[in-house]
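A.B. asks: The two chains are supplied separately, each in an independent frame; assemble them into the complex guided by the hints.
Here the protein sequences come in this chain order: A and B. Quick note on the working numbering: the first sequence kicks off at 17 and runs consecutively. Quick note on the working numbering: the second sequence kicks off at 7 and runs consecutively.
It should be emphasised that the hints constitute simulated quantities derived from the structure, not laboratory data. Hints should not be assumed to be uniformly reliable.
From chain B, some residues computed to sit far from chain A (all C-beta separations above 12 Å) [unchecked claim]: (1) 81; (2) 161; (3) 186; (4) 239; (5) 247; (6) 248; (7) 288; (8) 350.
DSS-like, lysine-lysine: derived pairs with alpha carbons at most 30 Å apart [said to hold, decoys possible]: (9) A/238 / A/222; (10) A/238 / B/359; (11) B/84 / B/158; (12) B/56 / A/222; (13) A/342 / A/369; (14) B/208 / B/84; (15) B/158 / A/238; (16) B/56 / B/84; (17) B/299 / B/56.
So the derived label-pair ranges between C-beta atoms look like this [unchecked claim]: (18) A/220 / B/97: 50 to 58 Å; (19) B/363 / A/184: 42 to 50 Å; (20) A/373 / B/97: 53 to 61 Å.
All residues carry an ideal CB built from backbone N, CA and C; glycine is no exception.
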Amino acid sequence: MTRETQTTPAATTRVQRLGPGEVSVDIRTPDLEVNFGPQHPATHGVMRILMRADGELVTGAQPHLGYLHRCAEKIGENVEWLQYLPYTDRYDYLASMNNNLGYSLAVEALLGVEIPRRATLIRIICAELNRIGSHLVAFGTYGLDIGAFTPFLYTFREREWMMALFEKICGARLTYSYIRIGGLFNDAPPGWFEEVGRFCDVFEQKWQEYVDLLLVNQIYVKRTANIGIISREMALDFGLTGPMVRGSGIDWDLRRDMPYMCYDEIWRSGAFKIPVARGEMGALGDCWDRSWVRVMEMIESIKIVRWCLDNMVEGPVIADIPKTLKVPVGEAYVGIENPRGELGHYVVSDGGKVSIRTRVRGPSFCNLAVLEDILPGSLVGDAIAIIGSTDIVVGETDR
Amino acid sequence: MNFFLEGIYQTVGEHLPMWLMMLIAAVTGIAVVLGMVSLIAMFSVWLERKVSGHIQCRYGPMYVGWHGWLQSIADGVKLLLKEDMIPRDADRVLFMLAPGLVLAAILGAFAAYPLTPGIWFGDIDLGVFMIIAFSSMTTIGVVMAGWASNSKWTIYGSMREAAQVVAYEIPLGVSLLVPVMVAGTFNLREASALQADWFGMKWFLFTNPFMLPAFVLFFVAALAETKRAPFDLPEAESELVAGFMTEYSGIRWSFFFMEEYAAMFLMSALGAVFFLGGFESPLTHFAGELFGKELVVLGASGAKELNFAAIPYHLVAAVTLIAKCFFGVFLMMWLRWTLPRVRIDQVMTMGYKYLTPLSLLCVLGAALWEAGKHALFAS
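Chain B on its own, in the form it takes in the complex (with noise of 0.2 Å):
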């Protein structure tokens, strides 16, 4: 059951009609979503700008707060009191919407992300189907958007984009085939448990020879799924000028930069949860001994009862988790400031003809791999 319909059903009992209940735990649900996805978004914006400061002998922001950690807050609130710019000869609706279905799509899709391993908002059992399914509905945002503007460069940028994910699609999809395959589920909050043993070391990159170059895959994937360099061709600042965010403006324009940054960060997570242990690490292991597991326990009258000792092995997972997802956020951000971009052309030979078929081959190889094993091992 859904932890925040749980806490709210042993709060207040049974005073209150199960639909009330429900609907108070959705909004719940989403009003930590949006946080998140916000507090996410902004961590990473000053991280980004601390990332290539460094790169670049820089320092980055310094001034507003320690080494500039209030930057993102700065920002943010300059964008709110931006004025809102529409041009004159753009479909006014369609702009308007754009940024709102691209932000949409990725809440939508942190619907699927464990918050830990008993706190999730659903706990989806075609849990990656779903993330991917909602991030690349973003794409229908961004081509809307670069329509709605009336504008030739973000014309290429959007058809850049509805390109470069139709063609990366697949080999996400398929080189994550191979960790699920492995697991044997779509649920990322089992497929994060299954990798508990070996002290929290028993990660699907460690259990099969395929993994590796399966991630590897992935990661590429998940880069141009992202816009992020060498892939950024839709909004390639130097040729596009801002690709398809050229005529935004404002908090319409952060939404787009939100949405980039919430879907790294998710990117990331499949990666982590799929190849890098999820929850899963010694800290975690140790601390699930420590303090049990349960969040929701039996009590002695044979109710059940929230167990509070529990959470800090929750903490300590979730931490792990985000530590992770950032560890990748940031390869992507290690990348982007090093590498030049990938002219469109070679976006797409690299998509269509290596890595899908790369990436099938990982999966044949992976399960060819699993079915020796079996019978070698498990009679």
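One chain only, chain A, in its complex shape (with noise of 0.2 Å):
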């Protein structure tokens, strides 16, 4: 079914002869190919879906990518570890801490670095309000999807805030670099935590208020349950992670199966919860629950921020690094849980100021591939809810 993009059947009218005078004439004309893409409202950036539809019903579709390859891998073998960080922030822009932080990680289990708590809980803080905004970003841009212009703005107002915080802790609004191999760029300005509890309060309110606009708005539920539905056993197959897997109903969550950082100690004191998706307006699994997953992940990243804050100690914020950084030999692969699922960094070094190998694992990329299972048979309309409830950033898909 999913491979049939490329083998178009020829357009002919079959006559078939039933009997004497009878004929049986097949009028249906040749699926419309479409190229999705590459430049599209819906693509999130720069994507090619190859779709064939019949009328507007898909029959087939086939993700296309690499237009917005960088080499990103490769640059990591030929830049110092340290000079390879802001090529990291470029992968998935929306979550830049991130995927600072996963680099940094990987680095850090080759070095064998102790991090200061300090800065391990700063960390916290930043990659849980950068998933916020992710998720923001994700949500909105969903609605826009669907055709709901106005909830796409109030989610910015409040990433606007968030890139504001991160542009008081680090000076940059998109790719941010702060958190470095070893700890972090720098320390938190003066009130700063002050200004992220400020945050957290007046985000549970507007948090509220997406969900009565449109998480629970019946236009919104009657477009996306019951469509792209993908069952457990498809999520499993494909390796799917993140918002994905939990909106498939699968409970897994990198923060609390395969701890990093202090993630395990949070969890142990029940400061949060990870939301799974129960199938509650349609089928399990559908577009629906996919942004259920993502909504109530932001009030759980809240929580997190919240406990962070109240447990922040005073000490430095980065190890004894030195600025030409030789990493010992071996190889290391930590995976940490992005906004859109795991994102995996492996790195082999021999030794030297130069990784030999650098391999990134992008949530997007392995999450996009299900698309090819679940656009075809859905109506055009859908195929936009569709590819919007995957959350892809182009990005990083193609790095």
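C.D. replies: In structure tokens form, the structure reads like this:
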């Protein structure tokens, strides 16, 4: 079913002779081949989906990648360890903090350095705030895909504050490079933690607004429930991670199941839960479930941030790391829970200043694969909703 | 008699032949319609941007003039100066014809729009039919545009438009039948005059319990008819790039835009006249009492004369109707910036399975109510 896009049947009118003076004519026209992208408002970047459609019905879809390929991994093998950090910002530009974190953790695993606790806590705050920002974009633009323009700007209002917070802490709004190998670029400015606390208070109210305005909106539910269903088996087969797999009812979150930093401590203290879809509005694993998971995760992230603020300690924010880093021989893989799923960094060092192999497991790339199987059979309007619900960032799928 | 013709007749008298006067009156009428549609479109664009801005915690246009009121003019100039692009593989003739047809259809529909109780372009006895017929003619232009553009997205958009209009024409017409039946006329001006009692508050909406559901049905159908959210599937920007307008640019593109806003205004006008009292409001009522209503009166000599004293009344009446129309337009904008878009199968289901039977039920109910009223109180 999925590979059919390459073998479109010829445009013929099939005439079948049934008996004397009786014929059956199949007047179906050949399917329409639509190039969905590379420049299309709903592909969230430069991606092309070759779609075959029988009128409004999608009969086949094949994503074509690579329009945004920037050789990120190869660059990782040509620049010094620290120099690669800004490149990590640029693959999933909505979750740069998490990318920095993933790479730093991988290199730190080789280095074996002890990260100061204050640095760890600020890292978690930043990663979770970034998760909120990323989910805000995912949810807002998903509304945009469905046709609701306004919630998108509401979510961007809160995201703006989140970005202002990051601007205060590191000077950048999108590509932070704040989380460094060994700790952080610098300490948080005075009053920053208080402002994060205020952000959490305001966000909780605004979050309710999104839920009321969009998530439980009848049209939204009708548009997203029971479409793009990813069953449990399918989710496991495709190796989906993050909200995609939790949207299919599988309780899997790296923050709890393969804990890094002090997430296990936070989990044990019961500060946050992991939202797992239950198929409330339709079949389990539909688009609504995935967006529900994202919306719920935002509020859980707020709880994690609160926990970190409450348990903040004084101290240094970076371990004693030399300027030109030489990483001991070895290899390491660290997967972290990026807003989109498991972001894995695999680095190999021969003891030199430059990595000899850098490999990134991008969650968007892995989650994208499922599109080919869930798009056929949906309507064109649903196809947009399904693509939006996978929440891919093309910068990361292509890297 | 057409007021323009009457006016010309009164000023120049019998010095000109009748055909010339009729020609001048027609040209004046067309000029007024054109100006009106452009003004409505310009104001609506500004209003839309302001409404959307304020709904979305923004200001909207602020720099070009006070609160950006000149923005539409600036945009219009920009659109006029833009390069006129026709895709290489497009059907040139149809491509150029389509926006014109769309705009011409909506301009034609405006012929039945009464400016004031005494000034009109054409006092058409089947005014409702005329407006509905002409505004569904725009669909032909849209399908033409979609086909001529030779792009897959435009085909999608125009096919959706055709399907949608066919589905919603029925509930639109049938739900309008309810007030038409109560009024006993298809003429907009006469229907409006029938609602003048109760100090201008005897709107059809308040005279029959089936009017309110009919009004809601009419409004929903009008949204679909004018391709407004949540039924903006023909131009669903996240799905079909820009639907049937994808390949258009510059002034041709703005024709589609003008058509959309003019159609919104006209549909609101139908709703305003047949449900919300048309020209009538307490203000109009008292203006009528104060200044008199007749624009053309019989003078002392027995000849017809223009009665300039009644002009304030006509102004108030015109403004009342326009305000009601823009209230409808505002409602449409409000909905557009609040609701997500429905899916094509949901649009069809809603049109055929719910709106059509419900509007027929409304007609039946209203008819029974009126018949009962007559049986009880007529004698």
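A.B. asks: Does each hint fit the structure? Answer for all of them.
C.D. replies: Each hint tested on the structure:
1. 81: 19 Å, holds
2. 161: Violated: least Cβ distance 8 Å, not greater than 12 Å.
3. 186: 31 Å, holds
4. 239: 7 Å, violated
5. 247: Non-interface label on residue 247 of chain B violated, nearest chain A Cβ at 6 Å vs cutoff 12 Å.
6. 248: Residue 248 of chain B not clear of chain A: closest Cβ-Cβ about 9 Å, inside 12 Å.
7. 288: Answer for residue 288 of chain B: holds, closest chain A Cβ roughly 35 Å.
8. 350: The assertion about residue 350 of chain B is violated, with a minimum of 5 Å to chain A.
9. A/238 / A/222: 23 Å, holds
10. A/238 / B/359: 16 Å, holds
11. B/84 / B/158: Satisfied, since the Cα-Cα distance of roughly 28 Å is no more than 30 Å.
12. B/56 / A/222: Between residue 56 of chain B and residue 222 of chain A the Cα gap is close to 23 Å, so the pair holds against 30 Å.
13. A/342 / A/369: 5 Å, holds
14. B/208 / B/84: Since the Cα atoms of residue 208 of chain B and residue 84 of chain B sit roughly 46 Å apart, the hinted pair is violated (cutoff 30 Å).
15. B/158 / A/238: Satisfied, since the Cα-Cα distance of roughly 27 Å is no more than 30 Å.
16. B/56 / B/84: 20 Å, holds
17. B/299 / B/56: 36 Å, violated
18. A/220 / B/97: 50 to 58 Å: Since the Cβ atoms of residue 220 of chain A and residue 97 of chain B sit about 56 Å apart, the hinted range of 50 to 58 Å holds.
19. B/363 / A/184: 42 to 50 Å: 59 Å, violated
20. A/373 / B/97: 53 to 61 Å: 56 Å, holds
In summary, the numbered hints that this structure violates are 2, 4, 5, 6, 8, 14, 17 and 19.
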